[in-house]
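All chains should be built: construct the whole structure from the sequences, respecting the hints.
Residue 77 in this note's numbering is what sits at position 77 of the sequence shown, and the numbering runs on without skipping anything.
Because the hints were derived from the structure by calculation, they are not lab data.
Be aware that a few hints might be false.
[Said to hold, decoys possible] For each label pair, taking beta carbons as the anchor points, the in silico distance ranges come out as:
id, residue 1, residue 2, range
1, Thr18, Arg92, 32 to 38 Å
2, Thr18, Glu89, 30 to 36 Å
3, Ala78, Thr18, 37 to 43 Å
Bear in mind the structure is a predicted one, so any value in this text is a computation, not a measurement.
From the three backbone atoms N, C-alpha and C, an ideal C-beta is built for every residue, glycine too.
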Amino acid sequence: MLDETIQTKTQTEARPSTRERARIYVTGDCDGLPDLREALSNHPEVELVGSANQVAEAAPTLTGGHLQVVLHATRSSALPVNEIAALREHTRAPIVLLASNGSPA
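In structure tokens, the structure reads:
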């Protein structure tokens, strides 16, 4: 009986675990964002919860506390501090900035 228990446990541990899909919300706009949104929506490990051009439009979804990350896109060459502050009012999820208009290095 002990051997059967050990064998069953070993078989269970050897199976790949089911990964939780990353829940992502996209805000803002930048070059290439439609292609990125499409790629994310087709990725098996990603759940694209939604997207909105303005943070205010996203507020009801952002406040749920169920997101793993917010991707915020901008065309600005400066850090969008007001938009980041607006996101922080609605979610504690990490924010990843996507910029299509960077300054030269």
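Quick rundown of the hints versus the structure:
Evaluation of the 32 to 38 Å hint for Thr18 and Arg92 yields a failure: the beta carbon distance comes to about 25 Å. A beta carbon spacing of about 34 Å between Thr18 and Glu89 agrees with the range 30 to 36 Å that was offered as a hint. A hinted range of 37 to 43 Å holds for the C-beta pair Ala78 and Thr18, which are about 42 Å apart.
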